[in-house]
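Number of protein chains: 2
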Amino acid sequence: MEGELKPMDAEQLREYGHKMVDFIADYYKNIENFPVLSQVQPGYLRKLLPETAPAHSETLQDVLEGWQACNLDLVPFDPDIQTKILPGVTHWQSPDYFAYFPSNSSVAGFLGEMLSAGINMVGFSWITSPAATELEMIVLDWLAKALKLPDEFLSTGQGGGVIQGTASEAVLVVLLAARDKVLRRVGKDAIGKLVVYCSDQTHSALQKACQIGGIHPENFRMLKAVSCRDYALSPDALSEAVSHDLATGLIPFFFCATIGTTSSTAVDPLPALGKITKSNSMWFHVDAAYAGSACICPEFRHYIDGVEEADSFNMNAHKWFLTNFDCSALWVKDRSALIQSLSTNPEFLKNKASQGNLVVDYKDWQIPLGRRFRSLKLWMVLRLYGLEKLQAYVRNHIELARRFEEHIAQDQRFEIVTPRKFSLVCFRLRPPQSNEDYANKLNHDLLDAVNSTGKLFISHTVLSNRYILRLAVGAPLTEERHILAAWKVFQDEAATLLSKC
Amino acid sequence: MEGELKPMDAEQLREYGHKMVDFIADYYKNIENFPVLSQVQPGYLRKLLPETAPAHSETLQDVLEGWQACNLDLVPFDPDIQTKILPGVTHWQSPDYFAYFPSNSSVAGFLGEMLSAGINMVGFSWITSPAATELEMIVLDWLAKALKLPDEFLSTGQGGGVIQGTASEAVLVVLLAARDKVLRRVGKDAIGKLVVYCSDQTHSALQKACQIGGIHPENFRMLKAVSCRDYALSPDALSEAVSHDLATGLIPFFFCATIGTTSSTAVDPLPALGKITKSNSMWFHVDAAYAGSACICPEFRHYIDGVEEADSFNMNAHKWFLTNFDCSALWVKDRSALIQSLSTNPEFLKNKASQGNLVVDYKDWQIPLGRRFRSLKLWMVLRLYGLEKLQAYVRNHIELARRFEEHIAQDQRFEIVTPRKFSLVCFRLRPPQSNEDYANKLNHDLLDAVNSTGKLFISHTVLSNRYILRLAVGAPLTEERHILAAWKVFQDEAATLLSKC
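As given, the protein sequences belong to chains A and B, one line each in that order. Counting in the numbering used here, the first sequence runs from 58 upward without gaps. Counting in the numbering used here, the second sequence runs from 58 upward without gaps.
Please keep in mind that the hints were generated in silico from the structure rather than gathered at the bench. Honestly, I wouldn't trust all of these hints.
Because identical chains cannot be distinguished in the list, a pair is counted as satisfied if it fits within a single copy or across any two copies.
What the hints assert, rightly or not - With a Cα cut of at most 30 Å, we get these calculated DSBU-like pairs of lysine-lysine:
1) Lys238 <-> Lys250
2) Lys512 <-> Lys545
3) Lys512 <-> Lys245
4) Lys557 <-> Lys409
5) Lys409 <-> Lys205
6) Lys335 <-> Lys409
7) Lys498 <-> Lys202
This structure is a prediction, so every number in the text was calculated from the model and none was measured.
Input sequences plus hints: build the corresponding full structure.
Below you can see the structure in the form of structure tokens.
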């Protein structure tokens with residue numbers, strides 16, 4: 058690239074952009090050929106790259122090198138991407154990816170990301186791109202209606218939706234709103250008395266939010282969720298803990314329930330829990346980061362019955378709703394609580410529309426100031442696919458998970474650990490002897506063995522001191538054949554391991 | 058789109074992706090034809106869109122409608138994008154965009170975004186894509202070396218770099234690290250005694266970080282920066298404030314200096330300020346969000362002399378460094394302070410590499426858990442453009458700003474308010490009478506008049522109670538002709554306004 062730098066030349070964008078589209082399309086065409094879990098060793102990349110940034114730009118030639126106009130095989134866009142970067146990628150979009158929870162990519166989501174990156178505006182205030190703010194309000198109203206959330210969560214009243222980066226940021230901002238609301242009443246020196254409640258199955262994001270917000274660690278109550286309730290929190294446990302804290306002069310102010318916990322997709326009973334939070338004037342947050350997507354289907358909507366009692370509700374469209382990462386939808390009933398906690402109003406951002414209270418400025422609903430035009434991708438997903446096909450999409454994954462569960466159940470060497478609700482199967486290899494330590498080691502070894510094949514990637518958890526394997530169906534390309542192939546790998550690796558026992 | 062949903066079909070991605078590339082390339086070709094500042098009224102979009110999400114997917118035909126294989130004129134990708142969304146966009150990439158600070162897009166940055174969205178992995182831990190973590194470490198080491206940051210900021214020692222979304226998140230995480238470090242020493246009940254210092258020119262992000270972190274508002278010291286020091290903070294002011302607080306039993310623990318303040322690109326004197334923070338064991342953060350990019354040029358590097366004393370340093374590659382939003386580079390000398398404040402270690406994320414302390418898990422360096430593969434775009438920018446051309450890029454904008462400043466200086470109706478250091482010109486219309494209230498109104502009216510033309514977009518600030526116009530050069534497509542055209546608009550609108558006086 059000789060001569061003057063023209064960093065945004067439309068024709069170069071066109072030329073290179075087309076090549077990148079082909080590279081990415083070819084990547085998806087060939088995605089099953091990669092080991093799902095990257096098999097590189099720590100520090101691999103430093104050995105492959107220079108120690109300093111190049112002083113001179115690389116020529117067009119350098120970047121084009123290795124390109125062939127061929128759609129059948131994966132061809133390198135940039136030799137370095139092909140040879141140095143991709144080996145270090147764990148392929149979340151592989152149909153054989155079953156770890157953690159899914160993180161969906163889709164054509165619509167990808168197009169939305171492209172458009173957002175192309176426009177590249179920074180939507181902190183309405184004026185910086187009215188369409189970004191208004192489309193976000195509208196699309197989150199659409200999604201709220203699809204989930205049959207109560208009207209108080211719509212932007213047309215006192216509430217509204219906002220796209221956060223992740224569920225961690227969602228729970229943090231509502232925790233801060235709740236904290237500041239109660240501190241305005243009791244005085245800020247009482248922060249050491251504020252108590253937060255959740256089950257011990259709640260995502261660690263809440264604990265981190267408490268650390269950030271200055272809630273004392275000893276006032277963070279992780280109440281035990283037990284196996285006999287499928288790891289859902291008992292309302293009695295919450296009620297007792299709150300009463301006990303009140304009796305000792307502490308101030309219960311925040312409770313987080315989960316619909317679809319990370320370890321085992323447990324569902325906390327919202328109606329009963331909501332009564333307790335309501336009668337104690339506590340903020341009630343519902344985290345449905347993963348399972349929220351399923352609740353667009355009438356047959357699964359009952360899992361969030363009771364959400365009427367919640368102050369805030371969150372689901373991650375980037376998990377299982379075909380919207381590329383990151384896109385975490387948060388709704389609140391009282392947006393003024395968020396704004397009171399998170400607004401700043403420096404002179405250099407003042408403008409007529411904001412000063413006149415005519416508009417929403419999403420900077421006051423989130424941690425960062427700047428924000429991307431993230432609603433575009435969610436809008437593209439909803440329009441290109443439509444709710445009925447999105448429902449069918451989620452149902453299909455749940456059906457695939459059910460079939461995998463059936464295979465497990467029919468093999469005496471394995472056991473299902475908790476009943477499957479959505480698309481996550483929690484299972485383990487039964488130990489030949491009924492020795493729990495040994496069972497844990499065996500399942501740990503099985504996880505390593507399976508992931509080391511590169512044929513699939515799963516993750517684990519621990520429930521009631523038992524090491525559990527988690528297989529989460531949810532990648533957009535996963536079909537029944539991938540489930541069958543995965544089951545075959547488990548059988549083979551289990552046989553090998555058990556033969557050594 | 059009839060039949061089964063195939064949300065990630067490689068050939069559909071190819072077909073649609075190519076069309077989106079053409080749409081975006083055409084957008085840039087025609088970007089000068091849009092009003093820079095969107096001229097829509099609040100609520101415009103709700104009237105144009107349906108009240109609920111579509112139940113049925115839209116057909117390929119719907120989306121393709123309106124397409125023509127024509128590169129010369131802007132053609133709609135999706136009629137709605139063209140007719141409903143774009144009118145509500147404020148065009149940050151327009152060569153006539155001079156508001157706030159720039160937010161650069163580039164071909165390289167755009168390609169990096171595409172690739173990141175294509176791979177769509179979630180890089181919370183090393184294992185979830187080793188390349189994402191390792192490339193980020195390497196590329197931030199490259200950038201640290203280009204800025205000649207002290208070696209303690211490199212990942213090869215006890216420090217390292219991390220990409221945050223924005224400078225707001227950068228200052229928040231270091232504030233939390235500093236808070237928790239001091240609270241571990243003095244006890245968490247002392248949070249009400251912790252004091253934070255900055256100049257009154259510091260970005261509002263620090264105030265917000267204090268609100269989030271539970272620092273008492275009365276312990277947030279915005280020290281007055283005065284006109285005669287070009288709005289740089291006086292070390293004496295900091296020294297006196299710290300001494301006073303120490304005398305009253307408070308605990309000074311955090312100071313933020315700015316290189317290139319938002320209002321007027323003032324530069325706080327790091328060496329003298331750093332001595333004060335050092336002798337008081339305070340965390341010293343340097344915010345160079347905007348001006349950091351200029352410091353890759355030897356002739357501007359002196360502005361960050363004294364960064365050796367800092368504990369953390371931040372610059373936004375997404376502002377003036379051709380890396381699409383968001384990409385805020387943060388370096389710390391003591392990464393363990395960040396990790397101690399922000400780490401969680403739930404069972405479901407445990408893995409051999411993390412447990413063995415063999416790797417960096419960036420989830421413990423930031424607020425959210427999940428994170429995009431953001432280093433790709435910065436890597437693409439550094440490789441495709443190279444440091445020498447990036448230096449030339451920044452110099453060119455500074456030269457263009459200098460020329461605009463010259464025009465202002467030669468017109469008796471206007472005055473320069475503070476000496477220009479980088480690519481921001483702060484100026485105003487002199488009032489015919491020397492009446493400050495009237496001058497403020499006049500300049501407010503001039504801002505409105507200029508922005509209402511749609512020909513350019515600038516923003517404002519207030520310095521020493523004077524309403525000031527800010528023209529920030531920095532969009533990738535801006536050339537001298539755009540500066541001349543902007544100056545012409547100012548002259549014309551000023552003439553109209555003054556004729557009414």
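Verification of the supplied hints:
In this homomeric assembly, Lys238 and Lys250 come within 30 Å of each other (Cα to Cα) both inside a single copy, at 14 Å, and across copies, at 22 Å. In this assembly of identical chains, Lys512 and Lys545 lie within 30 Å of each other by CA distance solely inside one copy; the values are 11 Å within and 64 Å between copies. Proximity of Lys512 to Lys245 under the C-alpha cut-off of 30 Å is found in neither arrangement, the shortest distances being 54 Å within a copy and 48 Å between copies. For the identical chains of this complex, Lys557 and Lys409 are inter-copy neighbours only, at 22 Å across copies versus 74 Å inside a copy, given an alpha-carbon limit of 30 Å.
Taking the closest pair of Cα atoms, Lys409 and Lys205 never come within 30 Å of each other, the shortest separation being 35 Å inside a single copy and 42 Å across copies. Proximity of Lys335 and Lys409 under a CA criterion of 30 Å is satisfied in neither setting, with 39 Å inside one chain copy and 43 Å between copies. In this assembly of identical chains, the alpha carbons of Lys498 and Lys202 never lie at most 30 Å apart, being 46 Å within a copy and 45 Å across copies at closest.
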